[in-house]
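Listed in order, the protein sequences are those of chains S and H. Just so you know, we're using the working numbering here: the first sequence kicks off at 1 and counts up by one. Just so you know, we're using the working numbering here: the second sequence kicks off at 1 and counts up by one.
Hints in this document: simulated from the structure, not taken from any laboratory. Yeah, the Cβ is synthetic: ideal placement off N, Cα and C, and Gly gets one too. There could be a bad hint or two in this list.
[Claimed, not checked] Residues from chain H shown here face chain S by an in silico Cβ test under 7 Å; the list is partial: (1) 30; (2) 31; (3) 58; (4) 74; (5) 77; (6) 78; (7) 83; (8) 89; (9) 91; (10) 102; (11) 103.
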Amino acid sequence: MNELVFFINNVIVAGSVTGSIYAIGAVGVTLVFSIMRFAHFAHADMMTFGAFMVLLLTMAFPGAGAALGLPTAVVMLPLAMLLTAGLAVGIDKVFYKPLRAHGVKPIVMVIASLGVTLMLQGLIRLFAGTSGTSLYVDDRKEIFRLALPFEGVRAPIVVTEPQLILFVLTIASVVGLHLFLSRSRLGKAMRAMSDNPDLARASGINTNLIVAVTWVIVGGLAAIAGTLLSLDVTFKPDLSFFLLLPIFAAAIVGGVGHPYGAIAGGFVVGFAETLAVFNWGVLLRPFRDSLPEWLANAGNLAFVGTEYKIVVPFFLLVAILVWRPTGIFKGKVI
Amino acid sequence: MASMIDVQHVNKAFGGLRVINDCSLSVESGSITGLIGPNGAGKSTLFNIIAGALPLDSGQVLLEGEDITNRPANELFHKGLLRTFQIAHEFSQMTALENLMMVPTAQAGESLFNAWLKPGLVRSQETEVRRRALEVIDFIGLHHVRNELAGNLSGGQKKLLELGRTMMTDARVVLLDEIAAGVNRTLLGDLVTNIERLNREMGYTFLVIEHDMDMIARLCDPVIVLAQGSVMVEGSIEEIQNNPEVIEAYFGASQDATT
Numbered sequence: 001m002n003e004l005v006f007f008i009n010n011v012i013v014a015g016s017v018t019g020s021i022y023a024i025g026a027v028g029v030t031l032v033f034s035i036m037r038f039a040h041f042a043h044a045d046m047m048t049f050g051a052f053m054v055l056l057l058t059m060a061f062p063g064a065g066a067a068l069g070l071p072t073a074v075v076m077l078p079l080a081m082l083l084t085a086g087l088a089v090g091i092d093k094v095f096y097k098p099l100r101a102h103g104v105k106p107i108v109m110v111i112a113s114l115g116v117t118l119m120l121q122g123l124i125r126l127f128a129g130t131s132g133t134s135l136y137v138d139d140r141k142e143i144f145r146l147a148l149p150f151e152g153v154r155a156p157i158v159v160t161e162p163q164l165i166l167f168v169l170t171i172a173s174v175v176g177l178h179l180f181l182s183r184s185r186l187g188k189a190m191r192a193m194s195d196n197p198d199l200a201r202a203s204g205i206n207t208n209l210i211v212a213v214t215w216v217i218v219g220g221l222a223a224i225a226g227t228l229l230s231l232d233v234t235f236k237p238d239l240s241f242f243l244l245l246p247i248f249a250a251a252i253v254g255g256v257g258h259p260y261g262a263i264a265g266g267f268v269v270g271f272a273e274t275l276a277v278f279n280w281g282v283l284l285r286p287f288r289d290s291l292p293e294w295l296a297n298a299g300n301l302a303f304v305g306t307e308y309k310i311v312v313p314f315f316l317l318v319a320i321l322v323w324r325p326t327g328i329f330k331g332k333v334i
Numbered sequence: 001m002a003s004m005i006d007v008q009h010v011n012k013a014f015g016g017l018r019v020i021n022d023c024s025l026s027v028e029s030g031s032i033t034g035l036i037g038p039n040g041a042g043k044s045t046l047f048n049i050i051a052g053a054l055p056l057d058s059g060q061v062l063l064e065g066e067d068i069t070n071r072p073a074n075e076l077f078h079k080g081l082l083r084t085f086q087i088a089h090e091f092s093q094m095t096a097l098e099n100l101m102m103v104p105t106a107q108a109g110e111s112l113f114n115a116w117l118k119p120g121l122v123r124s125q126e127t128e129v130r131r132r133a134l135e136v137i138d139f140i141g142l143h144h145v146r147n148e149l150a151g152n153l154s155g156g157q158k159k160l161l162e163l164g165r166t167m168m169t170d171a172r173v174v175l176l177d178e179i180a181a182g183v184n185r186t187l188l189g190d191l192v193t194n195i196e197r198l199n200r201e202m203g204y205t206f207l208v209i210e211h212d213m214d215m216i217a218r219l220c221d222p223v224i225v226l227a228q229g230s231v232m233v234e235g236s237i238e239e240i241q242n243n244p245e246v247i248e249a250y251f252g253a254s255q256d257a258t259t
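Same shape as in the complex, but just chain S (with noise of 0.2 Å):
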């Protein structure tokens, strides 16, 4: 039983951890995908600027959370998914509106993003520093030993308080986001562009709109799962951004231009990264008695060593093109 207990808390927890920030992450990638056709590589570095926001909010007003139970990071969050919007909304007018206007390629989009990804992150190297920062300036992180009524259980299952917000704002991001698409006319409306935008014009869609409300969506996420990776880990400013080839992976393992595929594809590397690196080897324990000796013998049976995890999110991308070449879902439009 403690075996299942480390399972559960190496796997299932850590999994879901890091499934739920590489989904809102993918989400983000999928939406700029979806409806302005290029790959956004400063996403993860919105998601550092987010954080950021978040840090230098609970520094200005220590204690804030206090009244209402929550950490001072998480109350300030709402207002740093603002910032972040407002970022992503100014970016957009800066560099890419112009870039659009001139009908340049996709490609150049993509270059143009990874010189915002660059700027972004000097930028906030230079304020911040290098080093670590916990987002926990003024209360100290919960942690929740839940203690299963077994008999000969002494592990408990552990999770923090960071990864119980993390699990209830992903949970209300994604029906959140479901109800703005499936149920608004502005989410039909981004359905729509996304599929034809001459004809959305043409049906008098303002696709200029369109295009705010998704970086102001797109910014607000970004902001989200900055913030909870922080929280989980700590600040710093390149945390985020060596997110961003996994987070890619998930986007398009789902089924590039596809929210709900960006959901699944984020969950599945998460697991697939967590699962790679479990060793297998506990849970075989309980058994050794019955085994062959090589197998009870044999040290750690993971499938590769931590410092192969980055791996695994490729490996999974290829694989699951070559089965799927559009990913999970069908992808290319909401």
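With the hints as your guide, set chain H onto chain S.
Frame of chain S, contents of chain H only:
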């Protein structure tokens, strides 16, 4: 009669190719005006300029006297200027019915506020829009495929859907770009009847690009002939058909040599 659309001295070049060359024309309010011309005459380009899909190099476009030069297509839509596309456009991932239901404007669901806080109002409008969409889809004879994805429809059916789109809202002027191409004869008769009815009963003005001369002859008066980016002649279909300049433009100079 007052003019609905005025095109004044419009020029447009793609690179070194001058497609529209100091073109001026006007479409009278309440008319069904035909726009014909040999391939490459600039008909579709002119359409795209009027409809706000292409920026022009110089000149002016007026809609009932109001300057609409280089206004985006979605703004023109709200002013009552609608268009169809030469190669039928559709929202491929939505059903035929949903395609039509995308069109109507100023629905309550458009604003986020209403979508969240007044679901009842949104729903009753949706019902109204759906009712109208069902009527339109009956009319254009696509009732049996209304729940199919529009991307899976045939070329002719997509053309019909294009026409259906313009019937979902109260337009003032509709630009039809080769609506008859790929549509079968029987259906074509219905289309013409329908266009005439919209013109007579609803006061729609039409500007029609068409290669099908029978359809032009049945439907359009006056007819404008475009050649090399500017207006060559304008008049009734009989005048056009007997005009030696037009014959030359269509059939080439060799026609003279044989006569």
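query = Can residue 31(H) be said to touch chain S, with a Cβ gap under 7 Å?
reply = Hint violated; residue 31(H) Cβ to chain S Cβ min 22 Å, cut 7 Å.
request  = Go through the hint on residue 102(H) and say holds or violated, using the shortest Cβ distance to chain S against 7 Å.
outcome  = At about 5 Å, which falls below the 7 Å cut-off, the nearest Cβ of chain S leaves the hint on residue 102(H) intact, so it holds.
key: Proposed interface contact between residue 30(H) and chain S, which counts if any beta carbon pair is under 7 Å   = Given a least distance of 23 Å, the restraint on residue 30(H) is violated.
Interface hint status, residue 58(H) versus chain S (Cβ within 7 Å) = For residue 58(H), the interface hint is violated, since the closest Cβ of chain S sits about 19 Å away, which is over 7 Å.
message = Using the nearest Cβ pair, does residue 74(H) come within less than 7 Å of chain S?
response = It holds, given that the least Cβ distance between residue 74(H) and chain S is near 5 Å, below 7 Å.
query = Close enough to count: is the Cβ of residue 91(H) nearer than 7 Å to one in chain S?
reply = Check passed: Cβ of residue 91(H) comes within 4 Å of chain S, closer than 7 Å.
task = Let me know if the C-beta of residue 89(H) comes in closer than 7 Å to any C-beta of chain S, holds or violated.
result = 4 Å, holds
query = At a threshold of 7 Å, is the proposed contact between residue 103(H) and chain S supported by beta-carbon distances?
reply = Constraint on residue 103(H) satisfied, holds at 5 Å.
key: residue 78(H) as an interface hint toward chain S, with CB separation required under 7 Å   = At about 6 Å, which falls below the 7 Å cut-off, the nearest Cβ of chain S leaves the hint on residue 78(H) intact, so it holds.
query = Does the interface hint hold: is residue 83(H) within less than 7 Å of chain S, judged Cβ to Cβ?
reply = 6 Å, holds
query = Taking the closest Cβ pair, is residue 77(H) under 7 Å from chain S?
reply = 3 Å, holds
Hint compliance for this structure: hints 1, 2 and 3 are not met, and every other hint is.
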